[in-house]
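Using the sequences plus the hints, can you model the full thing?
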Amino acid sequence: MQTHTLLKTLVLILLLISKPAFAQSTADEEAILGTVDQFFTALAERNRQLLASISVQGSLNISTSINTGGDQRIRIQNYTQLLNNLSSDGPALLERYWNPTVLIQRDIAVFWAPYDFHVNGEFSHCGIDSFQLIKRDERWLLTNLSWTVERTGCAESPLGPPA
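Mind the numbering: the sequence shown is residues 1 to 163 in our numbering, read in order.
Keep in mind the hints are simulated off the structure, nothing from the lab. Glycine residues also receive a C-beta, built at the ideal position from the N, C-alpha and C atoms. Please note that the accuracy of each hint is not assured.
[What the hints assert, rightly or not] Distance ranges between label pairs, derived from CB positions:
#, residue 1, residue 2, range
1, Leu33, Gly58, 19 to 27 Å
2, Arg136, Asn67, 14 to 22 Å
3, Glu156, Gln57, 35 to 43 Å
4, Gln72, Arg136, 28 to 36 Å
5, Asn84, Arg106, 27 to 35 Å
6, Arg106, Gly58, 14 to 22 Å
7, Asp137, Pro161, 15 to 23 Å
8, Gly58, Trp112, 17 to 25 Å
9, Ser53, Gly90, 17 to 25 Å
10, Thr41, Asp89, 15 to 23 Å
11, Cys154, Ile74, 15 to 23 Å
12, Gln49, Gln77, 16 to 24 Å
13, Arg136, Pro91, 26 to 34 Å
14, Asn84, Ser25, 20 to 28 Å
So this is what it looks like as structure tokens:
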């Protein structure tokens, strides 16, 4: 009987200790997803100022795709190139993600999710986004963005057609 009471007390203590850590992790995950959402808003609005405010200067952006000949193509852009490519004039861009996985360890995090991408309202491609973030001054910032570009074999998005 005494062992049973001790075990219940130990479980209660562990629950009380772990709840603040879980709450912090949930708050960080929400903040990370908020930063990712701001990134997609910056793309859709072609807002370089917003993009710069959520990115670390010196970050890298890498995409990988397969060309029509079956060869891998890797495109690497630095921070300045990404900002410059987001000019105020250009086609309408829409990127959507679903089922994100967020991994956090203290002040670094990884966001990983399938996505679809539309240009001027037309489907362009799908793929996987893999973004790395750091926490600086209580804000989550993008450090490196990597993604695949899949032009064929895309499953239908669980989000349905774009609005």
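Here is what the structure says about each hint:
1. Checked against the hint of 19 to 27 Å, the C-beta distance between Leu33 and Gly58 comes to roughly 24 Å, which is consistent with it.
2. At about 37 Å, the beta-carbon gap between Arg136 and Asn67 misses the expected band of 14 to 22 Å.
3. Roughly 38 Å separates the CB atoms of Glu156 and Gln57, a value that falls within the hinted 35 to 43 Å.
4. For the pair Gln72 and Arg136, the beta carbons lie near 33 Å from each other, so the given range of 28 to 36 Å is met.
5. Against the hinted window of 27 to 35 Å, the Cβ-Cβ separation of Asn84 and Arg106 comes to about 33 Å, which satisfies the hint.
6. About 21 Å separates the C-beta atoms of Arg106 and Gly58, a value consistent with the hinted range of 14 to 22 Å.
7. Between Asp137 and Pro161 the beta carbon distance is about 39 Å. The supplied range of 15 to 23 Å is therefore violated.
8. The hinted range of 17 to 25 Å is satisfied by Gly58 and Trp112, whose Cβ atoms lie roughly 22 Å apart.
9. Between Ser53 and Gly90 the C-beta distance comes to about 20 Å, which sits within the given range of 17 to 25 Å.
10. For the pair Thr41 and Asp89, the beta carbons lie near 18 Å from each other, so the given range of 15 to 23 Å is met.
11. With their beta carbons about 20 Å apart, Cys154 and Ile74 fall inside the hinted range of 15 to 23 Å.
12. In this structure, Gln49 and Gln77 meet the distance hint of 16 to 24 Å, their C-beta atoms being roughly 18 Å apart.
13. Taken as a hint, the range 26 to 34 Å holds for the pair Arg136 and Pro91, whose Cβ atoms sit roughly 33 Å apart.
14. Restraint check, Asn84 to Ser25: a C-beta distance of roughly 36 Å breaks the suggested window 20 to 28 Å.
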